[in-house]
Amino acid sequence: MLRAMSLMAIFVFALIRPVTAADAVNPQADFKAFRDYFTKKFPNVPLNDFVNGPYSMDAGLRKQWLEIDQFPPYDFAIDRGKQMFAKPFKNGKTYGDCFPNKGIGIRQNYPYFDEKSGQVITLELALNQCREANGEAPYSYVKDEMASLTAYMAFTSRGKPFDIKIPNDPRALAAYEKGEEYFYTRRGQLNFSCASCHVQSAGEHIRTEMLAPALGILAAMPIYRSEWNGMGTISRRFVTCNSQVRGVPLPPQDELYRDVEYYLSYMSNGLPIAGPGTRP
Amino acid sequence: MRLRLLFSMTGLIWLVAATAATAASTNADFKAALNAAEAAENDAGALKNQWTTTEETLTAAKKAAAAGDFDTAVDDARQAEALAKASIAQAREQEIAWRAAVIH
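As given, the protein sequences belong to chains Z and V, one line each in that order.
According to this note's numbering, the first sequence is numbered sequentially starting from 1.
According to this note's numbering, the second sequence is numbered sequentially starting from 1001.
Please keep in mind that the hints were generated in silico from the structure rather than gathered at the bench.
Built from N, CA and C at the ideal position, the CB exists for glycine as well.
Hints are not guaranteed to be accurate.
Said to hold, decoys possible - Here are the computed lysine-lysine pairs in the DSS-like style, where the Cα-Cα straight-line distance is at most 25 angstroms: (1) Lys1048/V to Lys143/Z; (2) Lys1048/V to Lys1062/V; (3) Lys1085/V to Lys178/Z; (4) Lys1048/V to Lys178/Z.
As the list claims (entries may be wrong) - Covered stretches of chain Z (chain V as the covering partner; in silico rule of three or more C-beta atoms under 8 angstroms from a C-beta of chain V): (5) 26-37; (6) 181-192; (7) 238-251.
Generate coordinates for the entire structure from the input sequences, incorporating the hints supplied.
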């Protein structure tokens, strides 16, 4: 039954709106419309509070969170990340040598568009590129070491506003638009887009979970989740969100995942980094 | 004369089709159905839009074939092909339709 319904649902959306010239990419206009949408939808949520995801939407959850946060379950990840950051590779270099300002207080600038490679570089990708450039094997993108490193880097950037730039380069605009397309494209047998859940249904419950609004949605990453019984990165979250709609996830750090991270981070410009975070 | 030939040929085709529908499926039938399903699923992969249900149904088809149950195997493979084709249709339709959902 579900099967037949989702098959049918696919075709219903085809006829809604014709494509027009007004669809030319315009990140600034998108940014304004996106922000207006959420601030109007949730007039009682202070702008900077959107970064707290489900906790910005629900007083009960928020109370639990403030209690948990007295002994944050992500603390071990920050400590571990800090140690890893300080420990030299076999060649004597460190992570800090791969990043501006030795990697401290820079998370808000990621992802960025790299004009040399013509690609979006996320923090997770940059960390593994750093490892490989120094003769070390890359880490899994989804948890453990990668979560610890990004937790520490986010922690050193707490409160700093997202500052994502789209350089005047057609490839950067194309990457932005691909990310936007990925965000709004329905997929999986259940025929949901990211936006179906994190725009249209933001603040609503899905089974036991409260859906985070797309505004500021990456600011608290990586997160400790009780459901995961551990830490997870942005890659892990994207993979999980794809599987939920019965879509085969892309490989972590696939170009499209990096593009959608670029798009969502740009939409959050000005909102403070709050990672690492904790989630139910 | 011609009409009669046509008539008997139609009868023959009907007979063959009816037999095929009731006869037990063979390994060859399964191979053909699997090839078609996998080709469609590869196309869905090129569009980065595979469904987990397609993958699960393909796995079930192979499992049934390995156990010698070619009727089930062929049914599952055809089901997987239908799912893969639906995911392709979804991707193609969304290439344009996503714009309608953008916040304006």
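To see whether the hints hold, each was checked on the structure:
Restraint check for Lys1048/V and Lys143/Z: satisfied, since their Cα atoms lie roughly 24 angstroms apart, inside the 25 angstroms limit. Restraint check for Lys1048/V and Lys1062/V: the C-alpha separation of about 23 angstroms stays at or below 25 angstroms, so the hint holds. Taken as a hint, the Lys1085/V and Lys178/Z pair is honoured in the structure, with Cα atoms around 23 angstroms apart against an allowance of 25 angstroms. The suggested pairing of Lys1048/V with Lys178/Z holds, with an alpha-carbon distance near 13 angstroms, which does not exceed 25 angstroms.
For the segment 26-37 of chain Z, the proposed coverage by chain V is satisfied: 4 residues have a C-beta within less than 8 angstroms of a C-beta in that chain, meeting the threshold of three. For a cut-off of 8 angstroms, the count of residues in the segment 181-192 of chain Z with a CB near a CB of chain V stands at 8, and the three-residue condition holds. With 5 residues bearing a CB less than 8 angstroms from a CB of chain V, the segment 238-251 of chain Z meets the requirement of three and the coverage assertion stands.
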